[in-house]
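Those protein sequence lines, which keep their order, are chains A and B. Letter 38 of the first sequence, counting from 1, is numbered 38 in the numbering used here, and no numbers are missing. The number in the numbering used here is simply the position in the second sequence, starting from 1, with 164 added.
Just so you know, these hints were derived from the structure itself, not from any lab. Be aware that one or more of the hints could be misleading.
[Claimed, not checked] Straight-line Cα separation of at most 25 Å, BS3-like style, residue types lysine-lysine; simulated pairs: (1) Lys205(B) with Lys3(A); (2) Lys31(A) with Lys157(A); (3) Lys143(A) with Lys286(B); (4) Lys157(A) with Lys104(A); (5) Lys42(A) with Lys286(B); (6) Lys226(B) with Lys205(B); (7) Lys286(B) with Lys104(A); (8) Lys205(B) with Lys50(A); (9) Lys143(A) with Lys31(A).
The structure presented is a predicted model; accordingly, all values stated were derived computationally and were not measured.
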Amino acid sequence: MIKRKVILTGSFGVGKTSLFNRFVYSKFDEKYLTTIGVKVDKKSMTVEGKEVTLLLWDIAGEISQDKVPNSYFLESSAIIYVFDLTRPSTYANMEFDLNHLNEKVPGAIVKVVGNKRDLVSDEELQTIMQEVHQMPDIVTSAKTGDNVEQLFIDIAKSLIVDAI
Amino acid sequence: MLFNKKQKDRQLILLDENGFLLASCDSIFSTKNLRREPVFKDFPLVESIFPKVITMGLSDPKLRFSKIETTFGGLNGFYDFTFMRTDIDHRNPILWTILDYTRLYEDYYRSQQERQELAIAKELLRKV
């Protein structure tokens with residue numbers, strides 16, 4: 001069995017906790033509730049015939065990733081960097097943030113996620129894709145559940161490849 | 165001695181190399197049901213970082229995790245966890261300290277919630 005720590009990080013209000021809750025507990029709350037530090041839970045899934053347990057850390061949102069305590073990054077195998085498709089401030093620092101994360105956790109799998117797909121039109125999404133430093137690996141909606149399971153399946157697949 | 169003075173907002177727990185509980189002062193929560201298996205089963209945070217914790221030496225600085233929001237293992241609130249290697253009777257177990265900061269962090273939570281809601285609303289209004 002593969003068991004790995006995965007952190008959800010990014011600016012505040014981008015939907016990290018909503019993605020966490022949607023995936024782990026299959027629930028969504030319309031109300032924004034801040035995270036002040038960290039919440040941790042785990043979920044096991046079978047992917048490509050292998051059992052993978054994700055130890056998920058939902059970390060308090062920071063405008064800049066250098067504000068995240070170093071201890072939160074310890075033993076991380078994968079990082080989910082979430083931004084809000086409706087708020088440019090949440091992807092304005094993406095280049096700096098991704099460089100910082102690569103320095104802090106060298107070798108970790110990094111997935112860039114554009115969340116709140118339900119709040120933007122196809123045309124708006126096209127415009128946003130031209131503005132971001134790096135195209136997201138996946139676009140999700142924690143509210144509708146769109147692509148949330150797929151995000152974690154993709155992470156699990158990458159961890160399986162990493163473990164070989 | 166380590167466990168003689170009880171503080172109701174601080175719990176001291178000793179773990180062996182495999183994550184099994186050796187002793188606890190049980191100031192915050194009872195560990196009665198945590199004795200048969202590694203504590204990992206009830207604390208995924210500990211499970212995540214234990215591979216790092218067991219590599220710690222006596223002279224290493226303690227590892228601290230602040231503002232942990234949890235409902236696991238009988239804890240329900242906001243806590244800080246610290247981990248360090250300690251020396252007791254020439255054995256070197258892991259000392260896991262749980263500090264209950266629920267009341268302090270509830271105020272912090274409320275002010276952060278207000279601050280961030282305002283910042284989000286301002287940004288979305290600018291777009292309109």
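Flag every earlier hint the structure violates by its number, smallest first. 2, 5 and 7
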